[in-house]
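There are 6 protein chains.
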Amino acid sequence: MSDTRNSLDLSLVQEKLYSAVIADVLDGLGLRNQALNHNLRPLDPSFKLAGRAYTILATHTVEIPAAPYIRELEAVDGLTDGGVAVATTGGSTTAALWGELLSTAATSKGARGAVIDGFTRDSSGIIEMGFPVFTRGYSPLDSKGRIEVIAHGVPIRCGGVVVSPGDIVFGDRDGVVIIPENAASEVLLKATDKVEGESNMRRALQQGMGIVEAYKEYGIL
Amino acid sequence: MSDTRNSLDLSLVQEKLYSAVIADVLDGLGLRNQALNHNLRPLDPSFKLAGRAYTILATHTVEIPAAPYIRELEAVDGLTDGGVAVATTGGSTTAALWGELLSTAATSKGARGAVIDGFTRDSSGIIEMGFPVFTRGYSPLDSKGRIEVIAHGVPIRCGGVVVSPGDIVFGDRDGVVIIPENAASEVLLKATDKVEGESNMRRALQQGMGIVEAYKEYGIL
Amino acid sequence: MSDTRNSLDLSLVQEKLYSAVIADVLDGLGLRNQALNHNLRPLDPSFKLAGRAYTILATHTVEIPAAPYIRELEAVDGLTDGGVAVATTGGSTTAALWGELLSTAATSKGARGAVIDGFTRDSSGIIEMGFPVFTRGYSPLDSKGRIEVIAHGVPIRCGGVVVSPGDIVFGDRDGVVIIPENAASEVLLKATDKVEGESNMRRALQQGMGIVEAYKEYGIL
Amino acid sequence: MSDTRNSLDLSLVQEKLYSAVIADVLDGLGLRNQALNHNLRPLDPSFKLAGRAYTILATHTVEIPAAPYIRELEAVDGLTDGGVAVATTGGSTTAALWGELLSTAATSKGARGAVIDGFTRDSSGIIEMGFPVFTRGYSPLDSKGRIEVIAHGVPIRCGGVVVSPGDIVFGDRDGVVIIPENAASEVLLKATDKVEGESNMRRALQQGMGIVEAYKEYGIL
Amino acid sequence: MSDTRNSLDLSLVQEKLYSAVIADVLDGLGLRNQALNHNLRPLDPSFKLAGRAYTILATHTVEIPAAPYIRELEAVDGLTDGGVAVATTGGSTTAALWGELLSTAATSKGARGAVIDGFTRDSSGIIEMGFPVFTRGYSPLDSKGRIEVIAHGVPIRCGGVVVSPGDIVFGDRDGVVIIPENAASEVLLKATDKVEGESNMRRALQQGMGIVEAYKEYGIL
Amino acid sequence: MSDTRNSLDLSLVQEKLYSAVIADVLDGLGLRNQALNHNLRPLDPSFKLAGRAYTILATHTVEIPAAPYIRELEAVDGLTDGGVAVATTGGSTTAALWGELLSTAATSKGARGAVIDGFTRDSSGIIEMGFPVFTRGYSPLDSKGRIEVIAHGVPIRCGGVVVSPGDIVFGDRDGVVIIPENAASEVLLKATDKVEGESNMRRALQQGMGIVEAYKEYGIL
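Residue numbers (my numbering), protein chains in the order written: chain Y, 448 to 668; chain X, 448 to 668; chain D, 448 to 668; chain U, 448 to 668; chain F, 448 to 668; chain R, 448 to 668.
Because identical chains cannot be distinguished in the list, a pair is counted as satisfied if it fits within a single copy or across any two copies.
Listed below are the simulated SDA-like cross-link pairs for lysine to any residue, each with C-alpha atoms no more than 20 Å apart in a straight line:
id	residue 1	residue 2
1	K663	Q653
2	K556	E664
3	K495	S571
4	K591	V609
5	K663	R649
6	K495	M576
7	K591	E664
8	K556	P612
9	K641	E664
10	K663	P512
11	K663	Y516
12	K495	I574
13	K663	P515
14	K495	E575
15	K495	G572
16	K495	G584
17	K591	G538
18	K591	V608
19	K591	V642
Just so you know, the hints here were simulated from the structure itself, not pulled from any lab data. Remember, predicted model here, so these are calculated numbers, not experimental data.
Start from the sequences and build out the full structure, keeping to the hints where you can.
In structure tokens form, the structure reads like this:
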């Protein structure tokens, strides 16, 4: 996940692309189920996010463990430059799994954001930091004695999609898509091309071309 | 749907009225089920929308048809000045039915907005355009091979309410109401009156009148 | 609920504290179920709210009563300085229970906000007023003949938590927590202390301390 | 609701008709929304029920009232020959509203069954009695301090349909339909006729006629 | 779908196998998503079903078409020996898509059952016929003007799984699994073998062997 | 959990009591939240179950572990005379956690049944065995690579209620109630008494006493 792993400029990807065009390219490659469930929404609607997944698997609990939080803290300490914490609580919404202090620690490690298939708290503070978090919802409740991380760095199912460490995560106002690691270069390249094509078609439509005709001409939507 | 159809100034309606007062007038006429399901929300909370419905009926599919999108594009090309695309996917949320290029094409035709009982994508671009779309949610996924328009210009059930082409659609932060075409003039006239009455009562409350007394005085809420 | 009841400075509480830290202190006292259901969200995400609950119990109806609204209006007239209207419709979402005129009347009485386990309308007007309302959703429909208040000033279940008149209500972007009246002083005092501790830990993380180490040092999250 | 009110032989109706044919006749009269929500199911799948509605309106509560149960008991004492208790909790599923002792009391009054848009308990005992109850689900919990009847003999919304005292209730394995009182004679007469027609078509199909052809011949489904 | 297509003895498959063992064999071949959504349940819990899918695609409508039912009746007339009607309404639950007359017609054609991702009516009559139907729920309402078949014999998504004409459908009290046509022989053969293995392990457990030890010995669950 | 732990005759409890009367006694002791979620239903509606909980905590997974099933098998081998397996998947419904071979193994150990807050398979076989299992639903899919047991013999949240090893579990057609271990003797004794009282009141009602009067006389419902 270090800089040298590949030459991806994640900031540029985040700025220039968007989730819909990436999803279209994935569709074209037969990868038609890479969008996370629609209930994973950005804390701030203007947030965009591109980075490499580091996965966190949590589950419900009813007892406060001897060493609460420990695997979650290890996971966050394990984040590296360009990383994105991708976590699931397995459906549990009894507490927030993510918050401001974890966001602060993740930022210090060079992480670019978090995708939490579960709840988040300290949302105002996280928005002020500008750390892009996507979440199923909000809770003021701490995870201690409610949800506990049991593993990290393993494949997980997050928002209905299997995510493995190293996959590319891209999120914006439309939702979150996962690009499998081995398809990343191809997908991002093709997505950059498609952005161009859409600009041409948009101009034709703005100049009054009917959309039936424009679609014949440009072949995209 | 042309200018000459009636003398409605849709821009004025959109600016001066709001969905709650329209719903109250509809209630008074015995039309008590004209509000779409609450899960139809504006892309941007500040969006307001008034126009005439043009309906689009879509359904789920699993095969990419020979000529994908074709009826949807025809429907959009059929939008005219003052029109609002009112579409339903019949419950399918496997992809976005609406997006930026359709919004651009609709704008070119003079359409005023869209109400999508289904998902939308390119939401940032649509918000930048200022094209008021109301939607059940968001997905980066294209409709091709997932959802297909099968008819347009026919009565549909959208957000739980039957909408026919020509009905007036009014949407704001509180939701979307449908005014049946034959009641439009009466409803909009009475709604304009009610807005006045509320202003008077609001002033009385601001000056400290109790609300039990104010309701006796003004007879409205 | 008058000023003299206790010396709580509700404005200061609202400004300095946040729901997550209050929830943590409640957890520490064994009060682990004091957060309302996550679907109760602020009309404007920047809203914060602190005040004393005055409870309102409503239920579904299908007939317009002889004297509609009457108990709801009485309840609002009964709000006093520092009060918060806390209402439930018992699950009914067929109409809005709260709106702008009620907000205006409540403001005149010195009320600080409202928490509605049900739907709200006139949301744009309420946001303009800056009156912090938390709600399950939105509807343009009036409550008359759909939902009727049947009691007020009694314990109710709101968002899954029993709320009694006099309890402290605190809401922000993370949600709403209820502090039982007899624990209020202790909880608010301890919450103020915890806010300090978090600031220290945040600084350490910002300076690059790992979060495993920081948690050992500061013992909080 | 006495025998003399009309000459309906409810036992015969219950034996000979079924909910689907009644729904078809109601459709033919333009009464297309008379089937209760599908989650109202018979305690025993073989139960059938025909009778006149007596309505009961309940709501959630969190306090044990001074005189718990009182309006519910009055309602049951008010049941008469041929009556059916039709009750709603307004969505509350925190306890059972109906049970064996109420069934026993209702039976003594000549009631023919109950439709509970809420939960039921003592289900084994009720099945043994052969008292046809339709319910949304089951709970061992008593209603005291959880759900309280607030009115009876008034129009209610039950399973999504407005039911008034005196309406005919018909339930079987397919669900429950409501026949408005003033349409009862016509509907039951036409339904009896339609049962005949279906028998003829069934025989033709059994003898190998294709269903396209049979539908042309008999014009029903 | 004719007898000569392959030598599958569907009656024997239906009698000897069960859905869990088939699902296990599919898992072993990497086909891990072949079980329909759990809300598809048999009308009678004792129903078992094995046959070849013939698919039916329906969608919601609000207008009664000029020729209602027509494509549905054609689909049923198109059923052949060993066939199973596999239908989806695309999520619509406003009416029943399947009923007794369709079951009767299907039986005459040699069909073995139906799987309806939608609602069913005439359930008592269908159970009496012994025609195994699996359904999401029940409604007394006819589909006319509510749901209309728009295609048949095309791939559909039913209960979350893509089903193509010719796939093998197997249903019992645990649910419904789909065996892709090209894997049918292999899966059914291996499933027959696995049934043997389980019998041996069951005997060992009955004779008191611990299950940790039995699993080591037999390697199955 | 051995015979000597206490003198409870679980078979007698199972035969003579029912969940509603136990819930009433728990209510009387202020234990008002001891009924599991209503979606936990018996495989066969006639099943009754009384025994001592042995808890199993599972969670979703997407990888087949090195030693699948191992903690689940250990848990089942750990069941003893009078035990009831009480398991939760934490909300995961991607596979069945329980099945016939586990039921067979549990029976051999003297276990009396299972309560699975998750899905079950081999339901026909389990019903034939007469082993009372309560479940949220059914799936033919095996848990391997989908759900994995991570602990047993610890407090868990099952159907919304915290269950600890040693608590008494009672289930019947109305649902499942949990009696905390330290209240077991008192609750079961009082419940036996209440069964008597209800018989007297039932007789009075059968003899025509109004229920308002009967409730005054007997003070129970």
